[in-house]
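Engineer: Please build the complex by placing chains Z, U and E on the supplied structure of chain R, with the hints as guidance.
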Amino acid sequence: MALVLTDDQKMLQDAARDFIADASPVDEFRKLREAGKTRDPELWRQMAELGWSAVNIAEKYEGLQFGLTGLGLIVIEAGRHLVASPLSSTAAIGVSALNLGTSEDARQRLLPEIAAGQTLVAFAVDELNHHDPQYTSTRAKPDGSGGYLLDGRKVFVSGGGHADHYVVLARENGEPDGDFVLALVDAGAKGVDKTKVQLIDSRDYANLDFSEVAVSKDAVLADGSEAGAIVETLIDIAAIVTACELYGCALQSFEDTVRYLTERKQFGRAIGSFQALQHRAAHAFCQLQLLYSVILDALDAAETIRPGLALAASHAKALANDTTDLVTNEAIQMHGGIGVTDELNIGLYLKRARVLRNLFGNTSYHWRRFARLSGY
Amino acid sequence: MALVLTDDQKMLQDAARDFIADASPVDEFRKLREAGKTRDPELWRQMAELGWSAVNIAEKYEGLQFGLTGLGLIVIEAGRHLVASPLSSTAAIGVSALNLGTSEDARQRLLPEIAAGQTLVAFAVDELNHHDPQYTSTRAKPDGSGGYLLDGRKVFVSGGGHADHYVVLARENGEPDGDFVLALVDAGAKGVDKTKVQLIDSRDYANLDFSEVAVSKDAVLADGSEAGAIVETLIDIAAIVTACELYGCALQSFEDTVRYLTERKQFGRAIGSFQALQHRAAHAFCQLQLLYSVILDALDAAETIRPGLALAASHAKALANDTTDLVTNEAIQMHGGIGVTDELNIGLYLKRARVLRNLFGNTSYHWRRFARLSGY
Amino acid sequence: MSELDAFREDTRQWLEANCPESMRTVGRREDMVAPGRNQKFPSDDARIWFERMRDKGWTCPEFPSEYGGGGLDAAKAKVLRQEMQRLKCRAPLSDLGISMLGPALLEFGSEAQKAEHIPRIVRGEIRWCQGYSEPGAGSDLASVQCRAEDKGDHYLVNGTKIWTSFATESDWIFCLVRTDPDAPKRDGISFLLIDMETPGISIAPIQLISGDSEFCQVFFEDVKVPKKNMVYEANKGWTVAKGLLKHERKMISELSQDFIGGTLTLRQAADEYLGYDKNGKLKEPGLRAAITRHEMNMRAIELTAYRAHLEGLAGEPDSRIPLIMKYVSTTEFQVKDELMTELLGYRGLGWDDAYFSEEELKSSRSLLFNKSLTIAGGTNEVQLNIIAKRALDLPES
Amino acid sequence: MSELDAFREDTRQWLEANCPESMRTVGRREDMVAPGRNQKFPSDDARIWFERMRDKGWTCPEFPSEYGGGGLDAAKAKVLRQEMQRLKCRAPLSDLGISMLGPALLEFGSEAQKAEHIPRIVRGEIRWCQGYSEPGAGSDLASVQCRAEDKGDHYLVNGTKIWTSFATESDWIFCLVRTDPDAPKRDGISFLLIDMETPGISIAPIQLISGDSEFCQVFFEDVKVPKKNMVYEANKGWTVAKGLLKHERKMISELSQDFIGGTLTLRQAADEYLGYDKNGKLKEPGLRAAITRHEMNMRAIELTAYRAHLEGLAGEPDSRIPLIMKYVSTTEFQVKDELMTELLGYRGLGWDDAYFSEEELKSSRSLLFNKSLTIAGGTNEVQLNIIAKRALDLPES
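As given, the protein sequences belong to chains R, Z, U and E, one line each in that order.
Quick note: the first sequence, position 302, residue 302 per this note's numbering, numbers continuous.
Quick note: the second sequence, position 172, residue 172 per this note's numbering, numbers continuous.
Quick note: the third sequence, position 192, residue 192 per this note's numbering, numbers continuous.
Quick note: the fourth sequence, position 11, residue 11 per this note's numbering, numbers continuous.
No wet-lab data here; the hints were simulated from the structure.
This list has only true hints and no planted wrong ones.
To give an idea of the interface, some chain E residues facing chain Z are shown, with a C-beta separation under 7 Å as derived from the structure: (1) S139; (2) I209; (3) W351; (4) K371.
What you are looking at is a predicted structure, and each value in this text was computed from that prediction instead of being measured.
Glycine is no exception: its CB is placed at the ideal position from the N, C-alpha and C atoms.
One chain only, chain R, in its complex shape:
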């Protein structure tokens, strides 16, 4: 277990912290939102220049081959500043789909483009209002030559509005117990229909309809008996990366709150001198420390794809959901009236956190999964 960062990782973390604080503080997200936009291409260009789009890509595909832990650290920093970028959807999850997949052709074709920041990917997994891959019914009908025809509907695809390619989870012939099929689909392909959806966090989501969309053999990232394991690992990685962003949101809103506690005066004292608030803040601090350990462990599990990854992922996502609920609610309550205004960032963290809570598994989903994986 790599619970302590390497010097390289620390350098990356510092660089990310500095760049984001400078180039994309929360104000930048506010400007995007005001403009009705969900993306800042110039920012992504700069992030790609720093190599962040290439962190999780092997050198032979023109990546930095730095691993998921490093990327997770960047996502945490991005979470702290509510950066709207394809970091999670493309650099972490999209790249992982290609890395794990069986199509060398897809890797050679897409990874260098992604590394260069020129191509965006989104993972289309959910079909219902709650995440649970078990309920996948999108049909992948074999076309007889190793490819498939896709039919079905995916909802609330994160990053789906701007993606150039979708990684689509389907089932062979759409049968409830059929093998998974993981297919790479061009956003402009015939039969793909996209509708943007606006959630409370003002990010990029889309619903996707697939109608007899042709997927060639080279675009099949996984199918047959090995698809189950690949898909599970991919979703575990997605859950862990999402937990990283939740942790970033929680950490920053906690730090903002502690600062407010020392500044705001009521009844002639800093409100942070009131013992009831002190104890609640101290408790939240403990929870954040515990969460950080779990997240570092999960990132290492994801980077090394070691046995126990599934358990580590469910642990990280469930605890991140729970802790962020606690911290964002306390942040608002401790800020008092000002905490519910749009002027303060606290509300923005809360809105982002509530959406992330639902992405790749809510708390009760991961509790059940953790219990099942533990054998009880």
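Structural biologist: Quick look at chains Z, U and E alone, frame taken from chain R:
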């Protein structure tokens, strides 16, 4: 709903409070425990003289016909002082079994004796480590003349050590889906074997083995298709009375704690002036107030056997369990070191509360039942 | 038949004859009838219902009839409430003038003030808003900074008030102002009535995280207020304010869930968005348990509110119960919102989009808006302080 | 091969050759080897293991070899710990002298004090107990009342100490005493070593709700203590005490669950006392969720302890982590006890009865005994105060 006491009920409550504070404060329970006893016959004689054994018995059987709410108020007061008496097992549950049962003969035979304080009854319901009447497997084999032969084992029967009669829950022919049979069994009957069991609360418990015990037709309190409803109502009443005692325990340990908060000094101040403790105490106070409303409503439901009794009972027992957990834990924590010594009463309340939590349904049992009764 | 029974009989008949059918259903937030110079009605029925009630003085049943009120005593007012509940009649008019300022004026106001303001409140001619909080004085209400200088024939008001609901649509505001900057905090405060059309007043709406902006900040710059508009005595405004605060907390804890949240119940949401397993149990056991806990708490709160009501009627009110109601109910409302969001999944996270149903959008707005419930009108922390002090007699912290 | 690698190799071989097989399993509470004048051993293997380790000075590996200690530097001591963990070797000796007093004496004691006491600690000849708390001074440790008057050649001690573990079986006690009653609280305290056989000392065991009575109250009545037994300087005992407190909190948070609780894990209890449905899920979904939450918290605590350990090794200790460990771990241990009690049902509520298995009785005792975990060695409240102040820099309350 009778959420406000009548003048008569208030008089009874006051009388109970005065008598118990005088005749049986917690010190009396300590003396019993020291002497290795679980019963004080002289105390029960006095309580019977005050009519408490007869509160729930109709006038025609020489009772006071005062109803279960009144009896519940006495049980609350008894809970506040940890009175070890057959109030719950005999005066509330045993009497209710006879009241609800179909045997007029049993009523005529036993109720006047109970009213006079001369006969004790215990309800033998559980067979496993957790309460759940669904798992009743004690066999009641029809004897051909309206009676039964009983075979089976009942465990942790509250009041079972001193009872003269048992009310035994069995199933016709011991079949998993068979009708319930509720049988009255003489403690000295042939084939009855009793073993006392000592739990942390130093009260009277026994395991009972039944081997071909003859139950005559007159001693059958319920069988056939109507038995299910009678048994459910009886257990609901038992759960509500147990909730009353839990409430008494919680209330007294809370009041003891608030007093301690105002008396104990640390860092030069009464510890009750520390805001973190104030907020926790205030929260506990709120929970106790909510619980009291729910208990009054449940007592009324039990007294009138109105539709909704089952929901009210599960609500009362689940909330009583939960609130008492909170309050007894807080009581110990707020007392600090002295709270874990045997010298203080706080520990006695905790021990009693943990046993009562298990009697007639733990929290998760009643949560599930409440959900089922609510249709989700 | 006793006089009260006769009154009940008459009232029932009158309500049945006069309350339009459409006014006999639970109203939503937007169905509320507000008063004011530019009063508008959500429907014709709402207008008719308002006018009929107004003409009997039953917009304010307990206000004295000499000021246009209903003039009912407590017993009769209770009968009227019961009969209105029986028919599910909506409130004909809602305003801070009725629920907060009116009672305070009747207790503390001068004869001239009552004669000027009470009839207009009863007739719905004036919409009132409240100027209590300031940016630096939230929980610590007594640290009012907004100044009112005595200029002989008028007060000159300078400063700002925040969290004023619907200030842009209101005609008058009642304010706490500092008239003696040297006195200890609570001793230098006065209670002032100010016409919102007075020169020097400006208003900036505050945007909330839910997107709503019913709260405003009100700025006073050299606003001249006639001396006759001071209620009670100079520097004794805290006495008036304390009385009002109690009314406000009661109001917030009594806000019904239907009003605050969307119109979906958890049960309906569970039916529609989650579903059941083959044993008829909610699909997610964790959510099932959480909903059960919430439903139990809500039922306990309702029973407690009802108990307090009955204890009051029996003449034995337990003064500790009202103290706890705001804390327990607002806390539980927020639990409901979070559970609803979990049940609805992505559909409970919609912003402003044709894709989501009106109920779904209400649910996500409610999640966000209701975070203010445990803050407005006395934060949870202040409420717990009060319980510790008044119900438990714990020493000052 | 580096020197450290060579040391590891030697150590491993030595341990494998010298640690008896029966000492390579997790010990229970009653398997602990305590020192003292009347030392007894739970088994022959325990004695052999103790003697072999003692002879190498490895009962106290980091104590200087001039006092009989192992004389290992931090790196080698770590290697020894790792190798002992690898073989699951039990501690050869457990005592407050080793974990608390010894390190303090080495830091603050005089040369004579070190020469007198340290070798006897290493050799297990003296059992030490602690005299910190008093009936009036629990969380507020600095309000020590127990007096030590300077009588020229000795101190005269009068007063009482409470919560002293195993006082009846100990040989010496280290105490906080008040030497200057007029100084501000922390400034008049001294740190004194007292032989328990000195006349005037009496001991009363305290019975706990669990039935245990390992804690005692110790009474001092005109007890004469030689002046040489004062550690550090007069009235500067608080400095010594603060160092010790840190060790104590660490010890309590590190107490392993096996040691504190019974030997049953929740998982085993679930298997035996609750059972599974046909899908392999624990029968009670509510308990399943509660156990899951607990298991997650325990795993998070373990990972955090390990992270802190690794950060320390990497030379970048985060000083905030040790502050939180006692609070989070003791709180979670109590959650485990309650869950265990729920799982076992009636069988988790047994007192003293042949009817219950040893494990079942341990479980109910553990539920009761462990209520003290969040109190002893710094209450949860004190721990949260410390976190607020030191980790979050919040202002003094």
